[in-house]
Amino acid sequence: MANSQCMTNSFKVDLFNAVHAFNATGIPAHTASTADVFKAALYTAASSLGTTTTSYTSAVTEVTGTNYTAGGVTVTFGTAPSNTTTTSFITPSASIVYTNVTLSTSFDAMLLYNNTNAGKNSVGVFTFTAQTITAGTFTLTMPTNDASTGLLRIA
Amino acid sequence: MAIVTTTKGDMDESLLEKREGTVDNDNEITTWVEYWDGEELVHRSAHVTLKKVPSFLSGETASFS
Chain U
1 MANSQCMTNS FKVDLFNAVH AFNATGIPAH TASTADVFKA ALYTAASSLG TTTTSYTSAV
61 TEVTGTNYTA GGVTVTFGTA PSNTTTTSFI TPSASIVYTN VTLSTSFDAM LLYNNTNAGK
121 NSVGVFTFTA QTITAGTFTL TMPTNDASTG LLRIA
Chain C
1 MAIVTTTKGD MDESLLEKRE GTVDNDNEIT TWVEYWDGEE LVHRSAHVTL KKVPSFLSGE
61 TASFS
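Just so you know, the protein sequences line up as chains U and C, in that order.
According to the numbering used here, the residues represented by the first sequence are 1 to 155, in order.
According to the numbering used here, the residues represented by the second sequence are 1 to 65, in order.
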């Protein structure tokens, strides 16, 4: 048996759960045992969301429309983060659904962010073919929750 | 009799023209359905299934050698 240099799998899972704080700067108040609330907001195709999008509040080109509430909808993470030998992953356990909305401006991105965090910090931007919705429902169905397709993966 | 929510309230599907489409690429499978009342779009829904998104981080440790 030999030692292997690595970043441990458990650490990568811990990142999803905010277990570690290496420095006093920017530490969130994660003393509660309850999970944070995450939300999914939709953004117009004219937006510029990407790696530099730090929070929901910094992204100002969210869609507007009938029955769409600013900030989007709550995302359900009913399954705990998991890992394989190389990759940790987590995926929402239910589809993200915007019901009976009218969104006339073309949109092509969803911002996943932490709504519990005071800064509403971003998690990720997910893009798709531009859509409009008219008195209808927009559904985002999640990929398979595994190491190769899970929505959030740390490899 | 299927009922469709529209900009004019609930309508019988048989009174409307139905149009459907699909987008299938590396990122997603998207299906959409539209209902038209003559020249007027009165309903459009879309269903996006994400296939695979890039992983967000590649974790490595430094070597002492």
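For the record, the hints were derived by calculation from the structure and aren't laboratory data.
Misleading hints may appear alongside valid ones.
[Stated by the list, open to error] Listed below are the simulated BS3-like cross-link pairs for lysine-lysine, each with C-alpha atoms no more than 25 Å apart in a straight line:
1) C:Lys8 x C:Lys18
2) U:Lys120 x U:Lys39
3) C:Lys52 x U:Lys12
4) U:Lys39 x C:Lys18
5) U:Lys12 x U:Lys120
6) U:Lys12 x C:Lys51
7) U:Lys39 x C:Lys8
8) U:Lys12 x U:Lys39
Hint by hint, here is what the structure shows:
no. : hint               : in the structure
1   : C:Lys8 x C:Lys18   : holds (16 Å)
2   : U:Lys120 x U:Lys39 : holds (9 Å)
3   : C:Lys52 x U:Lys12  : holds (20 Å)
4   : U:Lys39 x C:Lys18  : violated (32 Å)
5   : U:Lys12 x U:Lys120 : holds (22 Å)
6   : U:Lys12 x C:Lys51  : holds (22 Å)
7   : U:Lys39 x C:Lys8   : violated (30 Å)
8   : U:Lys12 x U:Lys39  : holds (22 Å)
In this structure, the hints that do not hold are numbers 4, 7, in rising order.
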